[in-house]
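**Student:** Chain residues, written in single-letter form:
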Amino acid sequence: MQVSQEDARESLAAVKSVSDQTRKVVAASYASGLLILWGLIWVVGFASVHFYPRRAVYIFNTLNVIGFVATVLIFCRWPRKAATKVPASERLFWRICGFWLLLFAYALLWIVLFKPADGMQICTFTCTLAMFGYVVLGLWLGSYFMLWLGLAVTALTFFGHYVLPSYFFLWMSAAGGGALLGTGLYIRVRWR
Amino acid sequence: MSSLVTLDPGEQIDFTYLRDLLKLTDGNLGAHLAKLENIGYIRIEKTFVARKPRTFISATGKGRDAFDAHVAALEQILKGSQE
Numbered sequence: 001m002q003v004s005q006e007d008a009r010e011s012l013a014a015v016k017s018v019s020d021q022t023r024k025v026v027a028a029s030y031a032s033g034l035l036i037l038w039g040l041i042w043v044v045g046f047a048s049v050h051f052y053p054r055r056a057v058y059i060f061n062t063l064n065v066i067g068f069v070a071t072v073l074i075f076c077r078w079p080r081k082a083a084t085k086v087p088a089s090e091r092l093f094w095r096i097c098g099f100w101l102l103l104f105a106y107a108l109l110w111i112v113l114f115k116p117a118d119g120m121q122i123c124t125f126t127c128t129l130a131m132f133g134y135v136v137l138g139l140w141l142g143s144y145f146m147l148w149l150g151l152a153v154t155a156l157t158f159f160g161h162y163v164l165p166s167y168f169f170l171w172m173s174a175a176g177g178g179a180l181l182g183t184g185l186y187i188r189v190r191w192r
Numbered sequence: 001m002s003s004l005v006t007l008d009p010g011e012q013i014d015f016t017y018l019r020d021l022l023k024l025t026d027g028n029l030g031a032h033l034a035k036l037e038n039i040g041y042i043r044i045e046k047t048f049v050a051r052k053p054r055t056f057i058s059a060t061g062k063g064r065d066a067f068d069a070h071v072a073a074l075e076q077i078l079k080g081s082q083e
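Those protein sequences? They're chains D and G, same order as listed.
Using my numbering, you'd call the opening residue of the first sequence number 1 and step up by one each time.
Using my numbering, you'd call the opening residue of the second sequence number 1 and step up by one each time.
Okay, chain G solo, but in the shape it has when bound:
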């Protein structure tokens, strides 16, 4: 999610780049993405570019909000330790 949230809203990342970036296998990444898609955090678009199939993934607004809340909660835990 942190990778997808880094992109601009609406911007989609290619599956193979994401797989290489996260150093995961096709199956492993596919399983993670399927779970995130089922709860509405990401959108997956399968398309053809120059007659080759490609898969693009983007974070939804709901996914971005959930991720921001997650990061805020982690920061709160750290802040708590400093007070």
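So that you can see chain D by itself, here it is in the shape it has in the complex:
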């Protein structure tokens, strides 16, 4: 069978389109719930800390416990909702070990270089650490939205830290939490 150049071009475009769509559907099935959850926690938590700075530890301890329990619940429901299934393998085990090792190395480097001490520095540290996790996962899963979201929120965090120190927590609520929440909602609505 003779395939024309036009047919070849269309076939390759279709292959790329289906491939991109598959990545999005898979990402939507696992990421949107977690992004919405943690986006909400950031929005509520950072805004509360801005208005009640003395209760920062209590606010974030409470929200982190809620977030942790909700994350566990999402993971428990995962097999019922996930688009894909990855069989347990030695490769997966080493990838997960590598992920945590990278996160640990990033945290160590951050602490050595910047020596976070006050509330705002610790907040910048934890936010960029979480976003570094997004970047690593994005590279691992070939999921560019996670990679770019991680880089974007890291940049927004540093911007707030250095340019808007007086409104840092409010900035993190709107920009950081808003970015996570907005991305989660966008994925849920548009990528399914």
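If you're looking for bench data, these hints aren't it; they were derived computationally from the structure.
Among the clues, some could well be false.
[As the list claims (entries may be wrong)] Each pair of labels, with its calculated beta carbon distance range:
# : chain 1 : residue 1 : chain 2 : residue 2 : range
1 : D       : Leu-109   : G       : Asp-68    : 35 to 45 Å
2 : G       : Glu-45    : D       : Cys-76    : 17 to 27 Å
3 : D       : Val-189   : G       : Lys-46    : 46 to 56 Å
4 : G       : Gly-30    : D       : Val-72    : 32 to 42 Å
[Claimed, not checked] Subject to a maximum C-alpha distance of 27 Å in a straight line, what follows is the list of computed DSS-like cross-link-like pairs (lysine-lysine):
#  : chain 1 : residue 1 : chain 2 : residue 2
5  : G       : Lys-23    : G       : Lys-46
6  : G       : Lys-52    : G       : Lys-23
7  : G       : Lys-23    : D       : Lys-24
8  : G       : Lys-52    : G       : Lys-35
9  : G       : Lys-62    : G       : Lys-52
10 : D       : Lys-24    : G       : Lys-62
11 : D       : Lys-16    : G       : Lys-35
12 : G       : Lys-52    : D       : Lys-24
13 : D       : Lys-24    : G       : Lys-46
14 : G       : Lys-79    : D       : Lys-16
15 : G       : Lys-46    : G       : Lys-35
16 : G       : Lys-23    : G       : Lys-35
17 : G       : Lys-23    : D       : Lys-16
18 : G       : Lys-35    : G       : Lys-62
19 : G       : Lys-79    : G       : Lys-62
20 : G       : Lys-62    : D       : Lys-16
21 : G       : Lys-23    : G       : Lys-62
It should be emphasised that the depicted structure is a prediction, and the values quoted were computed from it without experimental measurement.
From the three backbone atoms N, C-alpha and C, an ideal C-beta is built for every residue, glycine too.
Fit chain G to the given chain D structure using the hints.
**Tutor:** Quick look at chain G alone, frame taken from chain D:
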């Protein structure tokens, strides 16, 4: 096949997600998959998740090789047009 090859080796996609992604009916997708399974390009696993039946599909090594060769052939045709 392009959808299945996008996934990591061994990773399986749920039938309903694949059906919605490709905008096909159950019967239509089932017929395509049966042909691909018969020539060894894909593996179909029927299982139960939370007591509900689910079907997962993955590309085999043979299927991935055939798909890569197909894409390479298409790229070669395009390259030929540019030379």
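**Student:** Evaluate each hint against the coordinates.
**Tutor:** Hints, one by one, checked against the model:
1. Leu-109/D - Asp-68/G: 35 to 45 Å: holds, 39 Å
2. Glu-45/G - Cys-76/D: 17 to 27 Å: holds, 22 Å
3. Val-189/D - Lys-46/G: 46 to 56 Å: violated, 31 Å
4. Gly-30/G - Val-72/D: 32 to 42 Å: holds, 36 Å
5. Lys-23/G - Lys-46/G: Judged against 27 Å, a Cα distance of about 21 Å means the pair holds.
6. Lys-52/G - Lys-23/G: holds, 23 Å
7. Lys-23/G - Lys-24/D: Holds, because 15 Å separates the two Cα atoms, which is no more than 27 Å.
8. Lys-52/G - Lys-35/G: holds, 25 Å
9. Lys-62/G - Lys-52/G: violated, 30 Å
10. Lys-24/D - Lys-62/G: holds, 25 Å
11. Lys-16/D - Lys-35/G: holds, 23 Å
12. Lys-52/G - Lys-24/D: OK: Lys-52/G and Lys-24/D at ~25 Å, within 27 Å.
13. Lys-24/D - Lys-46/G: Measuring from Cα to Cα gives roughly 24 Å; hence the hint holds.
14. Lys-79/G - Lys-16/D: With a Cα-Cα distance of about 17 Å, the restraint between Lys-79/G and Lys-16/D holds, given a limit of 27 Å.
15. Lys-46/G - Lys-35/G: With a Cα-Cα distance of about 17 Å, the restraint between Lys-46/G and Lys-35/G holds, given a limit of 27 Å.
16. Lys-23/G - Lys-35/G: The given pair, whose Cα atoms are some 18 Å apart, holds under the 27 Å limit.
17. Lys-23/G - Lys-16/D: This hinted pair holds, its Cα atoms lying about 16 Å apart.
18. Lys-35/G - Lys-62/G: holds, 14 Å
19. Lys-79/G - Lys-62/G: holds, 25 Å
20. Lys-62/G - Lys-16/D: With a Cα-Cα distance of about 20 Å, the restraint between Lys-62/G and Lys-16/D holds, given a limit of 27 Å.
21. Lys-23/G - Lys-62/G: holds, 26 Å
Checked against the numbered hints given earlier, this structure breaks hints 3 and 9; the rest are met.
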